[in-house]
Amino acid sequence: PFFRGTPAQVVPAGPLRLNNRRFNSRDRWGASLLLAAVLAMLDQLVKAGVAATLPLGSSVTLTPWFNLVHVLNPGAAFSFLADAGGWQRHALSGIGIVVSLALAVLLWRGVRSRLEAAAYVGLIGGALGNVIDRLRIGAVVDYLDLYGRDMHWPAFNLADVWVVGAAGLLVLASFKPGVAPEPRGQG
1 PFFRGTPAQV VPAGPLRLNN RRFNSRDRWG ASLLLAAVLA MLDQLVKAGV
51 AATLPLGSSV TLTPWFNLVH VLNPGAAFSF LADAGGWQRH ALSGIGIVVS
101 LALAVLLWRG VRSRLEAAAY VGLIGGALGN VIDRLRIGAV VDYLDLYGRD
151 MHWPAFNLAD VWVVGAAGLL VLASFKPGVA PEPRGQG
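Numbered according to this note's numbering, the sequence shown spans residues 1 to 187.
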């Protein structure tokens, strides 16, 4: 049956299953890591294209609210720590690698939903895309510039889109109801 309990306590009998199997990210661990690598490489390809076609510091207006730019960010989000003197390159790279490894381990151990697994893949791909930049050139290549009138959002890149999108997926996954525990007997 799809539901159990009394009419006042109707809860799903368990998670919806495809092929009568519950989702387990461990079954798709290799494919998940491969997809994360593809996301990181796609980010790197776009950055290479920007670097090859747009001189550093230049800007091309595409719409009244969007520019394509070529800037380097030695810091973190919103250029936090950009003027820290160089130590942040290694610290932020280390954080990105440690977080990516931790998320890969969590995928191996098994996460509760496809949504959560997709979020971890996006976080790994985005983090590693920016780590590659930091290790290769000491800064992250940013090229997307959104603005309205004189207010500019800090420039960002595809890896940042992966990370923010993945964070949104994690928020959505947090609202997904968990499996209701089995009722315990009285006694």
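Hints listed in this document are in silico derivations from the structure and should not be mistaken for laboratory results. A virtual CB, placed ideally from N, CA and C, is assigned to each residue, including glycine. Mixed in with the good hints, there may be bad ones.
[What the hints assert, rightly or not] Pair ranges (Cβ atoms, derived): (1) Arg109 with Leu45: 16 to 24 Å; (2) Gly110 with Pro55: 45 to 53 Å; (3) Gly148 with Ala91: 44 to 52 Å; (4) Leu62 with Gly165: 43 to 51 Å; (5) Ser113 with Pro154: 27 to 35 Å; (6) Arg22 with Leu56: 35 to 43 Å; (7) Arg28 with Gly138: 41 to 49 Å; (8) Ala51 with Arg26: 17 to 25 Å; (9) Ala48 with Gly148: 24 to 32 Å; (10) Val171 with Leu135: 41 to 49 Å; (11) Met41 with Leu146: 19 to 27 Å; (12) Gly165 with Gly110: 28 to 36 Å; (13) Gly165 with Ala48: 18 to 26 Å; (14) Arg114 with Val60: 37 to 45 Å.
Exercise for the section: Against the earlier hints, flag every one the structure doesn't satisfy and list their numbers going up. Expected result: Result: hints 1, 3, 4, 6, 7, 8, 10, 12 break, sorted rising.
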